[in-house]
Amino acid sequence: MTTIADIPQAKPSRRGSLTLRVGLALLGIHLVLGLLTVFWTPYDPAAMAGGRLSPPSLAHWAGTDRLGRDLMTQIMIGSRIALMVGAGAVVIGALIGVTLGLLAAFATRFLDDVLAAALDILIAFPTLLLAMLVVAASESASLGTAIVALGIALSAIVARLTRILAKRVLAQDYITAARTSGTSWPMVVFKHILPNIWPTLSVNFALQFGLAVIAEASLSYLGLGAPPPNASWGRLLQEAQGTVYTAPLGAILPGIALVILVIGMNFLADGLRDRADPMRGAAR
Amino acid sequence: MTTHLDVRGLTLTTQGRTLVSNLSFAIAPGERVGLIGESGSGKSLTAMAVSGLLPAAIRAQGSITLAGQEVIGAPGRVLDRLRGTEIAIVFQEPLTALDPLMRIGRQIGIPLSRRHRRDGRDLSGRALESEILGLLEKVRLPDPSRILRAHPWEISGGQRQRVAIAMALACRPKLLIADEPTTALDVTTQAEVLKLLDALVKELGMALLFISHDLPVVASIAERVIVLRSGEAVEAGPAGEVLVQPRHPYTQTLVEAARAFDDALSGGR
Ligand SMILES: Nc1ncnc2c1ncn2[C@@H]1O[C@H](COP(=O)(O)OP(=O)(O)O)[C@@H](O)[C@H]1O
Ligand SMILES: [Mg+2]
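Which chain is which? The protein sequence lines are A and B, in order. The opening position of the first sequence corresponds to residue 1 in full-length UniProt numbering, with each subsequent residue numbered one higher. The opening position of the second sequence corresponds to residue 1 in full-length UniProt numbering, with each subsequent residue numbered one higher.
Since the hints were made in silico from the structure, they are not lab data. Be aware that one or more of the hints could be misleading.
[Stated by the list, open to error] Here are the computed lysine to aspartate or glutamate pairs in the DMTMM-like style, where the Cα-Cα straight-line distance is at most 20 Å:
| id | chain 1 | residue 1 | chain 2 | residue 2 |
| --- | --- | --- | --- | --- |
| 1 | A | LYS191 | B | ASP122 |
| 2 | A | LYS191 | B | GLU129 |
| 3 | B | LYS195 | B | GLU93 |
[Unchecked claim] The following residues of chain A were derived to be distant from chain B, with all beta-carbon distances above 10 Å:
| id | residue |
| --- | --- |
| 4 | LEU58 |
| 5 | ARG109 |
| 6 | ALA124 |
[What the hints assert, rightly or not] To spell it out: a stretch of chain B is covered by chain A in this simulated footprint if at least three of its residues, at any positions, have a beta carbon under 8 Å from a beta carbon of chain A; those stretches are:
| id | stretch |
| --- | --- |
| 7 | 49–58 |
| 8 | 75–81 |
| 9 | 85–99 |
| 10 | 163–173 |
| 11 | 248–255 |
Where a beta carbon is used, it is the ideal one built from N, C-alpha and C, also for glycine.
One chain only, chain B, in its complex shape:
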């Protein structure tokens, strides 16, 4: 099998409005793909469609195969098994992506013990805790034993996003979808989280679908990018090429906007 995820002619509609139209792309195992587009262009919906979690009001047409299994129209039981083994998602806003009443350790422990149960092992008590601590260390969180017992509001935004990444890693997914994982973070933290994601994806050999409206951010982590505009792919290709020589006028405006922003930053110094 050469593709882990294969999206063919994906069209998402709701009440006569087309939100994503005829989108096709594939991701091979270990490959890193960027999905770029301005806010409202349908990036998050694409991620939801891939994990079979579209809102009920939205209709999907086309085909999405994940690890050889068709996702569109698949029964919940099949999807529950796919999610968390083949695929996991890290969201934009790490505070709301964590249950406010649950300690960090338990939030990571739930998907972790579920994965072990699937593999026929029962993990609990000390063994579970030491594996959770291992994950917290893997995402380079300081003082893991404190964070294990903390509630989400007791740690910083960057730390929360690391926890969310640890939760995704607990599933040991073959494909990690990161939906604007750094947008809610300040610039320094953003760079750190990007570096972490980059290192983890390489180390664990996961495929990555990195979603962002920020072209330079995507180019720094993805090998290949797809540019989405109002639900349509307007350009796709190797990240370097698209960033240096954008062909579609829309991509050109994205690149120019990013340059102007950079210039403004350096000019202001």
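The shape of chain A in the complex, shown without the other chains:
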């Protein structure tokens, strides 16, 4: 005899693992290129390695720029910088944002309202503008400043998302159940709230990674990012601007590199979302 309890229940499907894999593959390209530059680059990134604005050849796969530097080397270093910017900004944004968001979720009504209003005002500013303000305030353009600026700019969005998600989890019976069995608030945060908001937060982090990379390229394009010799893709674009008709690759290739990374992170976000969804559907 079969009872209902014996019938195996559907496991959460792994649909979306394709988008996840494509995302990981695109990110992987940059991870390999970026990590490689830590140990080795085809040419010295700062030195003249060949003729000026030479087209692609066996010696220079992507050609050279107007100072005769190897373009492939520049783009690879750009990968490393973009990854550092994305990861750094997301980590900083997450640390500040999650802390603020949890604080707001736990705060008294008044403090929560104040925090929520402050976050709304911050979010009303475009991320890039906010980051430019932070860079301007720090008076020295460096890669570190750009990362901190972007992290701060992103933290408002993370904070607002965390606040909403944490409040939703806090209203659940299992939090009350944990509390009635004597679990203290800090333990509730680490054992129940963070694990339950993590699937949604991680999707957001992947998207923000992409946002941060674009924003840093924009900062560098405007001369507010990492100063030379740090070859950010944004600065490569800006430098190639004057010769875009004679040597279009100098502008096209950094653009393609940027697009690959950002699209990869978007795929990754989609894949993560698909993984998180069936679970939440079943838990409803």
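Once you have looked at the hints, place chain B with the ligands on chain A.
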């Protein structure tokens, strides 16, 4: 000490609205008390007040002593210690009362290892797992080693409520509050869970505060009942007496409604 829980003149208000007014009752160790009332009469709020977990918007007046300790206005540290040793709660909806992302074994393991730590013992690994399995067996769950590794959505509603009871038992509380623990279950499962609660309370010598809107259900498990209506106790007494000879008109309507429901069931057969 003759009372484990002593509620005196409990009044709960929010923004000028009185949700519970001047409620008094006591529960002795091992005693089984039923709290009856229709939905919205303040039963759950009373349970929350007793465990010191009222929503911030609700103000409590009066006195609640649990194991000799005043609960109203007590600091969080004191309440964290009271909860899970003196008192544990089983809720109405077993699915939402379990963390959807956490395996059953771990959900039971958290309060279990905390209780052992309080007693000065560190329980982990095999020893912890075998004690969790013991609890799952105690609540008569089939195939405990599978359920230990399952997520809440992978087991049935009745099984989830048994898990919730196991979580409460892990605390080895002196008072168990069951807030409509069978309302979300189908009739057969309901009877099984009631029987289980009844047996466990007797076996472990726990006191029980059983909350329900269903008079016959309460009468089947409680020795003494309190009838709550719009936050006021309108009648209290031995379960048999109140069920057979209700004095307050409100209780009479509850009894009649239950009878009519029974008649409709048997008449329909
Ligand atoms: N957080 C809250 N804030 C304000 N009113 C509440 C809150 N929780 C419950 N109430 C009100 O208190 C009354 C009693 O609720 P409750 O104790 O949940 O009733 P029940 O007897 O069904 O368990 C209801 O009228 C409900 O609307
Ligand atoms: Mg209720």
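A quick look at each hint next to the structure:
1. For the proposed pair LYS191 of chain A and ASP122 of chain B, the alpha carbon gap of about 19 Å is at most 20 Å, so the pair holds.
2. With a CA separation close to 19 Å, the supplied pair LYS191 of chain A and GLU129 of chain B stays within the 20 Å bound.
3. Distance hint between LYS195 of chain B and GLU93 of chain B is fulfilled; the C-alpha atoms sit about 18 Å from each other, no more than 20 Å.
4. Its beta-carbon lying about 53 Å from the closest one in chain B, LEU58 of chain A satisfies the requirement of being farther than 10 Å from that chain.
5. In this structure ARG109 of chain A is not separated from chain B by more than 10 Å, as the shortest Cβ-Cβ distance comes to only about 8 Å.
6. No Cβ of chain B comes within 10 Å of the Cβ of ALA124 of chain A; the nearest lies about 29 Å off, and the non-interface call holds.
7. Here's how the stretch 49–58 of chain B fares: 3 of its residues keep a CB closer than 8 Å to some CB of chain A, so the rule of at least three is met and the hint holds.
8. With 3 residues carrying a beta carbon less than 8 Å from a beta carbon of chain A, the stretch 75–81 of chain B meets the three-residue requirement, and the given coverage holds.
9. Only residues whose beta carbon comes within less than 8 Å of a beta carbon in chain A count, and the stretch 85–99 of chain B has 11; three or more means the coverage holds.
10. Chain A is given as covering the stretch 163–173 of chain B, and this holds because 5 residues of the stretch bring a CB closer than 8 Å to a CB of that chain, at least three being needed.
11. As drawn, the stretch 248–255 of chain B meets chain A at 0 residues by the rule of a beta-carbon pair under 8 Å; below three, the given contact is violated.
Going through the hint list in order, the structure does not satisfy hints 5, 11.
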